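**Student:** What follows is each chain in one-letter form.
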Amino acid sequence: MLDSIWLVIALPVAGVLLNGLLGRHLGRAFVSVVGVGVVGAAFALGAWAMTDLAALPEAQRTFTLPLWDWITVGNLQVPLTLRADALSLWMVLVVSGVGFLIHLYSVGYMQHEDARMFARFFAYLNLFVASMLLLVLADNYLLLYVGWELVGACSYLLIGFWFHKRDEAQAPVTLMDGTQVTLPPNLNPADSGKKAFIVNRIGDFGFALGVFLIWSTFGTLNFDAVFAAAPQAPATVLSAITLLLFMGAVGKSAQLPLAVWLPDAMAGPTPVSALIHAATMVTAGVYMVARSHVLYELAPGSALVVALVGGVTALYAAAIALVQVDLKRILAYSTISQLGYMFVAVGVGAYAAGLFHLTTHAFFKALLFLAAGSVMHALHDVIDIRRMGGLWRKMPLTGLTFLVGALALAGFPLTSGFFSKDEILLKAFQFSPGLWVLGLATALLTAFYTFRALFVAFAGQPRDWPLYEKAHESPGIMTLPLVVLAMAALLGGLLGLPAVLGVPNWTADWLAPVFDTHGLEAKHGVSAATEWLLLGVSAAVALAGIALAYWFYVSRVDIPARLAVALRPAFVFLANKCYLDDLYDAVLVRSGRQLAQLLAQGLDKAAIDGIIDGTARLLARGGAWLTQFEDGHIPHYALGMFVGALLLVVYLVVR
Amino acid sequence: MSQPLGFPLLSVLIFLPALWAVGVALLPRERHDLIRAVALLGTLAVFGLSLWLWFAFRPEVPGFQFAEQTPWVAGLGISYHVGVDGISLPLVVLTTLLTLLAVLSSWKAIQEEVKTYMVLMLLLETGMLGVFLALDLFLFYVFWESSLIPMALVIGRWGGERRIYAAIKFLLFTLAGSVLMLVAAIVLYLWGGNTSDLPQLLHTLPGRLPFALQAWLFIAFALAFAVKVPLFPLHTWLPAAHVEAPTAGSVILAGVLLKMGAYGYLRFCIPLFPDVLPYAVPWLSILALIGILYGALVALAQEDIKSLVAYSSVAHMGFIILGIFALNPPAMAGAVLQMVNHGLSTGGLFLLVGVLYERLHTRQMRDFGGLWARVPIFGSFFILTALSSAGLPGTNGFVGEFTILLGTFQVNTTYAALATFGIVLAAWYLLTAVRRTLFGPLALTDGRLSDMNAREVVVMLPIVLLFFLIGLFPNLFFERINPAVEALTSPAVVSVTYGEVE
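Chains as they are written, first to last, in my numbering: chain A, 20 to 674; chain B, 986 to 1487.
It should be emphasised that the hints constitute simulated quantities derived from the structure, not laboratory data.
Predicted model, so just to flag it, every value in this text is computed and none were measured.
Treat the hints loosely; a few may be bogus.
[Claimed, not checked] Derived Cβ-Cβ restraints for the label pairs, each shown as a range:
#1 Leu-1187(B) with Leu-323(A): 50 to 58 Å
#2 Leu-1025(B) with Gln-613(A): 43 to 51 Å
#3 Asp-88(A) with Pro-1047(B): 14 to 22 Å
#4 Phe-1458(B) with Ala-460(A): 49 to 57 Å
#5 Ala-626(A) with Leu-1187(B): 35 to 43 Å
#6 Leu-75(A) with Pro-1047(B): 41 to 49 Å
#7 Gly-663(A) with Gly-1192(B): 35 to 43 Å
Even glycine gets a Cβ: it sits at the ideal position worked out from N, Cα and C.
Using the sequences provided together with the hints, build the complete structure.
**Tutor:** Structure, rendered in structure tokens:
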């Protein structure tokens, strides 16, 4: 099967062509079968390839498949080569597996679209899957970059899918003292997509320079060749390469300071938020750092930057999530925060832990988004949790699966999120207790905001009765993926149980040949007692966060209201997303546009073109002035000739 | 390698359009559809011939192929000398394709004096093909000038409101440049031992020209080409010409005429004056960089979508000039490919703007908005073309930009970084154009707006297919471009300019 690994990309591409060109004539059923089927087939082929790879001895588990010579110019040679190893096939399964479930769900979710839009949606979604699979199967940095840009373009198209919609105002929050806090409006889909693309391009500016630097340093872009030559490269160059590449990751994975695009990306259809903006695309940055681990190990300064950016972003986004009222945006900030955890992991060298959390997060965050989508489906796109309440009774399956997702996100003991987050916290603790504290504080906030959303939306009494009355459980094609993902979110922890339990950690073992971390683990090992203690602290923090949320939003709902008054400045600050959007808008966007206006009107039109047109007019006037000497009087011409000749003679003599 | 087909393919290619123009001129004036059909047939035949040339061309053979040389002004040592290499070949095919599409796109847009229009388009094609295939300085000059007049007439007769102003501006700018070129050509002719034959000059000149003279000649040529490209600050004729020109005029102008400037640098400035390059490269590179960033920002400020595309040309041509003067194979081959890419992407954008203008009679983006819901086929083509122009991987634009930037990075990281920032700005102005045209609530109040018809789809289809063909299999082009570029970037030239580059 490994020889045919190109099929996992080709199949979704075939889906794109079929649904994109003909889909609107072929009917929904056909579009659905093709759109969902190709991703399912890609998953099956990926799983088959994985068993083939597993059958090989560990040292030989890297399979490369050259397809064709893509770019050959001078000494630049970039072949189009795919690489199937433990890491890339792992990602293939995550992407196509979660992707398959989300495609299935979309058949129900997008049912209200007309035939053209329905087909277009699946064409885009398939294109995304193909691009993402290319990204993870790439064998060199340029091909990785190709996939990287393509998933960005798909993200752009899908965020702006409902391109006709306008900004949506959010109702202000009325505090207990009667004052109101206005909330920023939700940006319209078209501008959100554009914003996502441009912010990503800023990150990719760094990524591209990183790729150029890799080539000028190593003369190749091939992963293995670069990694083999890396130890001989100067440390400063490696630092520069890794930081530039990380700049791309900061954009793609929405970390500080480029995190601003992801919350607005929620303007896209919810399956898109689940697939692209939670489970897969945004994790590409984590994958890229893990893939380049050889370089980051040789540039510890850069690795530290990765971990710190991740840690700070995790806390920042969790704090903002505390006060959001838009269910999808709570989840979006949560995604930014959880991606921060993953960067902490790969920054401190715990690549397997990072990948493990990437995987469990794909399960439970896709689940949470799809459940949120199920709520939106029931409430006619209402997403403000202040208009929900008591939904548990109307949509029990959605409520139950949301609960499972929430438990996993909060790190409730024995769920998948508990084990994967704990693995990261353990590695962070080994690296530096400060980083561990940062991660633990984030974990507390995470448990709190997750259950705040859960309690407000699903528990208690309905706040908007007419809306509540209309609510209904979603059809089976939407709830089935919810149930499957809920199982994965609940049991996914089995893939990476902590070492202290004395059982094998399948994730770490499977990925060990790629990361070659057998030796490293032992070096920083902590005692079993410490590990148990850390596990206990993690569990306690998760339970404390959940309990606090219960106390605040179920038993004593007056407390958060009072707190908002008491801590008004902090509340306003967080409600306005730390004013980061406003800052960029003022400093970059508006001044950029002003500069553009100034150049266009002042310099281009007035100065440059003005001088040129002015010169032309002057010449024309000069010509008109000269014509007065052509008056037809021969003596005047003779005089002119005489003067001219005289001047010529004078010139020749004086010279 | 001369005339392997047994007949002078290049001469037929160059003069068939002019001959066809004579035929068209003989048709009855009022038979518009007949005139259009005959003209289309002619451009189709020329395109077919150029495809034949493409496949008959042998990538592995160095130097000029299909060369023809016969004395022209025998007493003065001026000959009719034409030939094709890997640099001119892609541009020849680009020219014939875009002329074909331009004629097809004019079907409805041009309703007055159709005959004169088609005759001019065919004459223009002869001029452009001659420019890319001439191997004699004076022959080149004659073709250069002869491509100028039909275009100026097309703008001046079939253009918009300020067409006369735009046509005269276009004419004067280019003439001012080409006068300098003519003087320089005469000087070269005299110093080269009374020959204007390019291969011969390349053989005899090295070591003969004093440095100061080389510098002056370089400046004269470079100015003529800079106007054509156009390089900042000689670009202001371009938006004027584009905005006023009819759609087909804009397509040819952006698609082919601008390339004549870049081609001139490759064909004359670099090989003829290698000693000047170390001094000239920083100037030209910096002007190219200004073009990239300045063109992008000014594009962002435009309200008229045609004007936006025109300024985007300034930015894109900046990439091409930057790539040429990086003087290494990846950047220079990338620049040649990017000439084709820009012809396709920007030509495509102008065609699409024309589609809108024919229906709505406005080019102001404030009058658009939400059009994708009404004209989905148009919308899909527009987004694809904009993304190709923004250098999306998988399409042609990416390969060109990437190779140019990577090559530039080898010689100057600052230039490369600034130019790379240009692609951020490119995304900004292109997506702004898409946003304001296709997205948002529908702005139209008038109910009538039809989607692209079959003819318009047929015009765009080859362009879009080429986006992907070049994006996925760029080596189809590179294998032809590379040998010619490697000759130009021989170590002798480069080491003088940049020192030893690994």
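**Student:** Give a verdict on every hint.
**Tutor:** Hints versus structure:
| no. | hint | in the structure |
| --- | --- | --- |
| 1 | Leu-1187(B) with Leu-323(A): 50 to 58 Å | holds, 56 Å |
| 2 | Leu-1025(B) with Gln-613(A): 43 to 51 Å | holds, 47 Å |
| 3 | Asp-88(A) with Pro-1047(B): 14 to 22 Å | holds, 21 Å |
| 4 | Phe-1458(B) with Ala-460(A): 49 to 57 Å | holds, 52 Å |
| 5 | Ala-626(A) with Leu-1187(B): 35 to 43 Å | holds, 40 Å |
| 6 | Leu-75(A) with Pro-1047(B): 41 to 49 Å | holds, 46 Å |
| 7 | Gly-663(A) with Gly-1192(B): 35 to 43 Å | holds, 41 Å |
Checked against the numbered hints above, the structure violates none of them.
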